[in-house]
Amino acid sequence: MNLVLIVLAVIVAIVGIIILIYNGLVMKRQRVNQAFADVDVQLKQRQNLIPNLVETVKGYAKHEQETFQQVIAARNAAQAANTAGDMARAEGVLSQALGKLFALAEAYPDLKANTNFLQLQNELSSIEDKLAAARRFYNSAVQDYNTAREQFPGSIIAGSFNFEGREFFDVGADSRAALDEPPKVGF
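Residue numbers (the working numbering): 1 to 187.
Calculated from the structure, these hints are not laboratory results. Honestly, I wouldn't trust all of these hints.
Stated by the list, open to error - For lysine-lysine, the following DSS-like pairs were computed, each having C-alpha atoms within a straight-line distance of at most 27 Å: (1) 44 to 58; (2) 130 to 44; (3) 100 to 130.
Please model the entire structure based on the sequences and the hints provided.
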């Protein structure tokens with residue numbers, strides 16, 4: 001009788017541990033999903049602001065068509081990206097294009113003083129700050145989730161229940177190197 005109770009207690013303990021690990025993985029996966037949605041919201045706000053910014057600058061710098069086309073093409077590519085990695089790379093290219101746009105603005109003193117441009121620039125700056133915070137939170141959630149997936153005994157549960165690893169929101173080496181260089185604008 002005592003042996004049966006001991007075996008039963010061990011089985012209940014193992015099942016309880018499996019349930020705790022499974023629920024922990026589900027919670028971490030949901031945190032990653034929520035963090036990705038937060039990043040996505042900030043990216044959408046940024047992408048919605050860009051056409052207004054481009055139109056404002058166009059009025060002052062009509063002959064800078066190539067820069068405008070680069071910004072719009074980068075924005076469209078960012079909107080089309082689906083995975084965290086693709087989004088990060090596309091956003092890196094978009095950041096480069098925006099850098100060129102702001103460098104253009106430096107060449108036009110009237111534009112720099114334009115109230116609409118300043119307001120859009122401040123909004124973009126605010127969104128960039130929120131986006132950076134959302135990316136950090138997302139990457140932290142991904143780290144927690146992937147670590148829980150890969151550590152023993154979580155790796156057994158994760159493998160058994162198809163908990164897939166998640167990708168960090170990283171701009172990539174090419175985009176990172178390009179972001180380190182100041183934008184070049186020619187007249």
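Is it true that the CA of residue 44 sits at most 27 Å from the CA of residue 58?
Status holds; Cα separation ~22 Å.
Restraint check for residue 100 with residue 130, where alpha carbons must lie at most 27 Å apart:
holds (21 Å)
For the pair we were handed, residue 130 and residue 44, check the Cα-Cα distance against 27 Å.
Answer holds: residue 130 to residue 44 is near 12 Å, not above 27 Å.
In this structure, every one of the numbered hints holds.
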